[in-house]
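Trainee: Starting from the structure of chain H, add chain Z where the hints point.
Chains as they are written, first to last, in this note's numbering: chain H, 442 to 506; chain Z, 288 to 469.
If you're looking for bench data, these hints aren't it; they were derived computationally from the structure. Given the structure is predicted, the values throughout are model-derived calculations rather than measurements. We put the beta carbon where it would ideally sit given N, CA and C, even for glycine. Each hint should be verified, as a subset may be incorrect.
[Said to hold, decoys possible] Derived coverage of chain H by chain Z (criterion: at least 3 residues anywhere in the stretch with Cβ under 8 Å from a Cβ of chain Z; other residues may be distant): (1) 454 to 468; (2) 481 to 489.
[To be verified] Derived lysine-lysine pairs resembling DSBU-like cross-links, with alpha carbons at most 35 Å apart: (3) H:K463 x Z:K311; (4) Z:K302 x H:K505; (5) H:K488 x Z:K303; (6) Z:K469 x H:K463; (7) Z:K291 x H:K453; (8) Z:K291 x H:K443; (9) Z:K311 x H:K443; (10) H:K445 x Z:K302; (11) H:K443 x H:K453; (12) H:K463 x H:K488; (13) Z:K311 x H:K445; (14) Z:K302 x H:K488; (15) H:K505 x Z:K469; (16) Z:K291 x H:K463; (17) Z:K291 x H:K488; (18) Z:K291 x H:K494; (19) Z:K311 x H:K494; (20) H:K453 x Z:K469; (21) H:K443 x Z:K302; (22) Z:K302 x H:K478; (23) H:K494 x Z:K469; (24) Z:K311 x H:K478.
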Amino acid sequence: MKNKLRELRAVKEWSQADLADKLVVSRQTVNAIETEKYDPSLPLAFKVARLFKTSIEEIFELDKD
Amino acid sequence: MNNKPNDPEDCINLKKSSWRIDTKVNYWLFIGVVVGLANELLFHTIVPPFDGILREDFLTWPVGIRIIIESVPLLAGLLWARSMARFICGMDELHRRVTIEAWLIAALATLGFLSIWPMLDAAGISASVYRATHFHGEFTDKPHIFLVLWLLLDKPPSIFLTLCLLYAFYILGYFILIRRYK
Chain H
442 MKNKLRELRA
452 VKEWSQADLA
462 DKLVVSRQTV
472 NAIETEKYDP
482 SLPLAFKVAR
492 LFKTSIEEIF
502 ELDKD
Chain Z
288 MNNKPNDPED
298 CINLKKSSWR
308 IDTKVNYWLF
318 IGVVVGLANE
328 LLFHTIVPPF
338 DGILREDFLT
348 WPVGIRIIIE
358 SVPLLAGLLW
368 ARSMARFICG
378 MDELHRRVTI
388 EAWLIAALAT
398 LGFLSIWPML
408 DAAGISASVY
418 RATHFHGEFT
428 DKPHIFLVLW
438 LLLDKPPSIF
448 LTLCLLYAFY
458 ILGYFILIRR
468 YK
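Next comes chain H alone, as it looks inside the complex (with noise of 0.2 Å):
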C-alpha cells in the first residue's frame, strides 16, 4: 500500500519521533509505514487521517496489482 506519509509529515515539519508521539506509537512504525514495509491498522489509519484533517484515501492509496 502506497502513502503521502512522508509528504503530509514534511509540510507540518514534524520529525518521525514527533509524529510517532502525536500517534502513540514507536518512531519504528512510522518509519515502517513511510517506507511502506508496514500497512498500519484501521484504527491507526484513521488516527493519521484525524491527525492531519484529510480522509484516509488522501494518505493511503491499495497498489492497482
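Mentor: Here is chain Z on its own, set in the frame of chain H:
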C-alpha cells in the same frame, strides 16, 4: 503523562536495554531460572562440585514439600508469562505483531527442540560431544560448561532448560522478524 508505547528492545537489545524495564518484565523469569537451576544442581544433576548434594536427602522429604520445591520455577514461569502479556499489551501494533510472532516461533522451536533432543541423544550426539572434549565420557572433579550443558540435556527436559530455550528462541525470532520492517 507518559504515553510512550512499550518497546520490546528495552529488554533484549543490549544497545537500547533499560535495566528498570528489563527487571520489571523479566523479574519472574530470573527467579524461575535461578530456582530451576538450583533444583537441578542440588536435587537431580550429578555435576561436580555440587554432585547432587541433596539428592539422597531430597527423596526422603515429605512429598508435599518436594512438589512445592519443584513447582516454584513453573509458577515463576507462569507469572513471567503474565508480566510479558501485560508488556505486550502496552506495545504499539507493529511491535505487538512482531513480538507475538516471535513468541509463536519460540514456543514451536522449544517444543521441537525438546521433542527431537532425546532422539538426537539416542543417536549419539552426547557421546560425540563427550569425545570431543577431554573428558572422554568420564566425570571429573571440575565443573565444565559442556559437561553441565549435556547433563542438563541428557534426560527429560527441566523447566530451567525450557525457560532458557524459550527466551533464547524468542530473542532470535524477534531480531529475524523485525528486520522486515527496518
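Trainee: State for each hint whether it applies.
Mentor: Evaluation of the provided hints:
no., hint, result
1, 454 to 468, "holds (count 4)"
2, 481 to 489, "holds (count 3)"
3, H:K463 x Z:K311, "holds, 26 Å"
4, Z:K302 x H:K505, "violated, 41 Å"
5, H:K488 x Z:K303, "holds, 28 Å"
6, Z:K469 x H:K463, "holds, 21 Å"
7, Z:K291 x H:K453, "holds, 21 Å"
8, Z:K291 x H:K443, "holds, 27 Å"
9, Z:K311 x H:K443, "violated, 39 Å"
10, H:K445 x Z:K302, "holds, 32 Å"
11, H:K443 x H:K453, "holds, 20 Å"
12, H:K463 x H:K488, "holds, 9 Å"
13, Z:K311 x H:K445, "violated, 38 Å"
14, Z:K302 x H:K488, "holds, 31 Å"
15, H:K505 x Z:K469, "holds, 24 Å"
16, Z:K291 x H:K463, "holds, 10 Å"
17, Z:K291 x H:K488, "holds, 16 Å"
18, Z:K291 x H:K494, "holds, 23 Å"
19, Z:K311 x H:K494, "violated, 39 Å"
20, H:K453 x Z:K469, "holds, 24 Å"
21, H:K443 x Z:K302, "holds, 32 Å"
22, Z:K302 x H:K478, "holds, 24 Å"
23, H:K494 x Z:K469, "holds, 28 Å"
24, Z:K311 x H:K478, "holds, 31 Å"
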